[in-house]
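With chain A fixed as given, assemble chain B onto it according to the hints.
These protein sequences, in sequence, are chains A and B. Using my numbering, the first residue of the first sequence is number 1, and each one after it goes up by one. Using my numbering, the first residue of the second sequence is number 1, and each one after it goes up by one.
Bear in mind the hints are in silico, worked out from the structure with no lab data behind them. Among the hints, a few may not be true.
A pair holds if it fits inside one copy or across any two, identical chains being indistinguishable in the list.
Said to hold, decoys possible - With a cut-off of at most 20 angstroms between alpha-carbon atoms, the simulated SDA-like pairs for lysine to any residue come out as follows:
no., residue 1, residue 2
1, Lys49, Met17
2, Lys55, Val144
3, Lys208, Arg242
4, Lys49, Glu19
5, Lys55, Phe190
6, Lys58, Pro143
7, Lys55, Ser147
8, Lys58, Leu220
9, Lys55, Glu19
10, Lys55, Met17
11, Lys49, Pro140
12, Lys113, Glu99
13, Lys58, Val144
14, Lys58, Pro93
15, Lys55, Pro146
16, Lys238, Asp227
17, Lys211, Leu189
18, Lys238, Phe190
19, Lys122, Pro143
20, Lys55, Trp45
21, Lys58, Asp227
22, Lys49, Asn63
Chain by chain, the residues:
There are 2 protein chains.
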Amino acid sequence: MTMSDSSPIVVLVSPQMGENIGACARAMLNFGVTQLRIVNPRDGWPNPKALEMAKGAKHVVENAHIAPTLPEALQDVHYVYGSSARLRDMVKPVLSPEEYVEAAYSHITQGAKVALLFGPEKTGLTNDDMALCDAVVMVPVSPVYPSLNLAQAVAVLSYEWFRRGQDSNSKNIDEPIALPATQAQLHGLFEHLEHELDVVNFWRVEEKRAKMVHNLRNMLVRANLTDQDVRTLRGIIKSLRR
Amino acid sequence: MTMSDSSPIVVLVSPQMGENIGACARAMLNFGVTQLRIVNPRDGWPNPKALEMAKGAKHVVENAHIAPTLPEALQDVHYVYGSSARLRDMVKPVLSPEEYVEAAYSHITQGAKVALLFGPEKTGLTNDDMALCDAVVMVPVSPVYPSLNLAQAVAVLSYEWFRRGQDSNSKNIDEPIALPATQAQLHGLFEHLEHELDVVNFWRVEEKRAKMVHNLRNMLVRANLTDQDVRTLRGIIKSLRR
Numbered sequence: 001m002t003m004s005d006s007s008p009i010v011v012l013v014s015p016q017m018g019e020n021i022g023a024c025a026r027a028m029l030n031f032g033v034t035q036l037r038i039v040n041p042r043d044g045w046p047n048p049k050a051l052e053m054a055k056g057a058k059h060v061v062e063n064a065h066i067a068p069t070l071p072e073a074l075q076d077v078h079y080v081y082g083s084s085a086r087l088r089d090m091v092k093p094v095l096s097p098e099e100y101v102e103a104a105y106s107h108i109t110q111g112a113k114v115a116l117l118f119g120p121e122k123t124g125l126t127n128d129d130m131a132l133c134d135a136v137v138m139v140p141v142s143p144v145y146p147s148l149n150l151a152q153a154v155a156v157l158s159y160e161w162f163r164r165g166q167d168s169n170s171k172n173i174d175e176p177i178a179l180p181a182t183q184a185q186l187h188g189l190f191e192h193l194e195h196e197l198d199v200v201n202f203w204r205v206e207e208k209r210a211k212m213v214h215n216l217r218n219m220l221v222r223a224n225l226t227d228q229d230v231r232t233l234r235g236i237i238k239s240l241r242r
Numbered sequence: 001m002t003m004s005d006s007s008p009i010v011v012l013v014s015p016q017m018g019e020n021i022g023a024c025a026r027a028m029l030n031f032g033v034t035q036l037r038i039v040n041p042r043d044g045w046p047n048p049k050a051l052e053m054a055k056g057a058k059h060v061v062e063n064a065h066i067a068p069t070l071p072e073a074l075q076d077v078h079y080v081y082g083s084s085a086r087l088r089d090m091v092k093p094v095l096s097p098e099e100y101v102e103a104a105y106s107h108i109t110q111g112a113k114v115a116l117l118f119g120p121e122k123t124g125l126t127n128d129d130m131a132l133c134d135a136v137v138m139v140p141v142s143p144v145y146p147s148l149n150l151a152q153a154v155a156v157l158s159y160e161w162f163r164r165g166q167d168s169n170s171k172n173i174d175e176p177i178a179l180p181a182t183q184a185q186l187h188g189l190f191e192h193l194e195h196e197l198d199v200v201n202f203w204r205v206e207e208k209r210a211k212m213v214h215n216l217r218n219m220l221v222r223a224n225l226t227d228q229d230v231r232t233l234r235g236i237i238k239s240l241r242r
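Bound-form chain A, shown alone (with noise of 0.2 angstroms):
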């Protein structure tokens, strides 16, 4: 395996600029990361500005996979990262860049596929987007000054991965495990689930029913589920649903 075909998918959730996009490329190419995701970006696709600004990384923008919702984009990953410049109010482990890096490497070094998603400029990754995720990274700043650039931070956690790549010394990992679900198996498991309680009208308070999906969900990610955990628990479902 090579760094170079199986390093995190970078994701880029609902970009806003053009020019970010392309910068972001550009910052991944220089740290060997090649495989880019953007969901819904705001000035549709194809976009010049992404092109010009990517210099030598153009191909990393035109071979972009599009997608119009987050869980297309996610459909075959097996984990998920979460980029976010704050703490969220989320039972959700918290990774620093080296230790993001650290649990990527061993779950490419498995065979599986890695994502690491990156919200809009103005707003960062929304708590529906972060209910898919297994953990938080958080690039340590200076509380003076927080507000990192969204091709900065991509610099910044591609770079940590290239330096994890480069280490002679880092350990290796052979053992095979068994595979996570993949975020299509986990995306059908809730809404299954979410649409079993709709039936039922398990959530009687209809505001409190974002609150508390986003809850679910984050309970079933934490879980760490295996595709056939996620089909016994399907059948558990239909089983008690019929």
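Coordinates of chain B only, in the frame set by chain A:
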């Protein structure tokens, strides 16, 4: 000592685009680096584009010291590091970002001033600039596309600096040591020596002067001269010429 009042000084040598100067200032402040010096900015000074791109770091741009030449920008500095994307044909230590940060942290803890130089966007630092540096700092980049944007290089090296300050396990270095000569003292020695060598026609062939000056300066920089060493050497030169 807090990190903010004694971080390395970022010196942009002949930067071309105001946008890049602003993006550098923003990335610096994100990672607690506040002192900016600019040598001979191509588009003059002040530069409205630099202010605009700096966003919340406008005061870093406004407080930047502007100097016509690199030696003037470095007068009060004790240790100089030059960032470079490529290996140079010079006998000079090459440091990784972490090694640079360890060295800078140790020097600053002792009360010394440290500068980190970045060359113009297209060409990087010249060999003349590099001759003033104690060591070269290389950010590891992918050979596929090694051309790192100026602000991205500043961001990665500022991030490494900030991360080191966050590390609660970091070693404390307490013993005071003799401070090295400042760049002004060192430059006085260079000019004194080179002038005397001009007078005695030491170079013989004029075309060889530049290369020999580089070698001499590199050698003297490597010697880690103290204030007292510089006075001693200048005394020797004076005596020899009498």
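Q) Under a CA distance limit of 20 angstroms, which applies to Lys58 and Pro93: within one copy, between copies, both, or neither? A) neither (35 angstroms within a copy, 35 angstroms between copies)
(Q) Treating 20 angstroms as the Cα threshold, decide for Lys49 and Pro140: within, between, both or neither. (A) neither (30 angstroms within a copy, 27 angstroms between copies)
Q.
When Cα atoms must be at most 20 angstroms apart, do Lys58 and Pro143 count as within-copy, between-copy, both, or neither?
A. Cα proximity of Lys58 and Pro143: across copies only (16 angstroms, versus 34 angstroms in one copy).
Q. Given a CA cutoff of 20 angstroms, do Lys208 and Arg242 count as a within-copy pair, a between-copy pair, both, or neither?
A. Neither, since 26 angstroms and 92 angstroms both go past 20 angstroms.
Q) Is it within, between, both or neither when you check Lys55 against Ser147 at 20 angstroms Cα-Cα? A) Classified as between: cross-chain Cα gap 9 angstroms, same-chain 25 angstroms, threshold 20 angstroms.
Q: With 20 angstroms as the alpha-carbon cut-off, assign the pair Lys58 and Asp227 to within, between, both or neither.
A: neither (36 angstroms within a copy, 51 angstroms between copies)
Q.
At most 20 angstroms between alpha carbons: which applies to Lys58 and Val144, within, between, both or neither?
A. between (35 angstroms within a copy, 13 angstroms between copies)
Q: Can you give me the call for Lys238 and Asp227, within, between, both or neither, at a CA distance of at most 20 angstroms?
A: Intra 17 angstroms, inter 82 angstroms, cutoff 20 angstroms: intra-copy only.
Q: Have a look at Lys122 and Pro143 and pick one of within, between, both or neither, based on CA distance no larger than 20 angstroms.
A: So Lys122 and Pro143 pass the 20 angstroms test inside one copy only (17 angstroms; across, 33 angstroms).
Q) Is the C-alpha distance from Lys49 to Asn63 at most 20 angstroms within one copy, between copies, in both cases, or in neither? A) Within one copy only: 15 angstroms inside a chain, 32 angstroms across chains, cut-off 20 angstroms.
Q. What label fits Lys55 with Trp45 when the C-alpha limit is 20 angstroms: within, between, both, or neither?
A. Result: close within a single copy only, 18 angstroms intra versus 27 angstroms inter.
Q | Homo-oligomer pair classification [Leu220, Lys58; C-alpha up to 20 angstroms] | A | Intra 38 angstroms, inter 44 angstroms, cutoff 20 angstroms: neither.
In this structure, the hints that do not hold are numbers 3, 5, 8, 11, 14, 21, in rising order.
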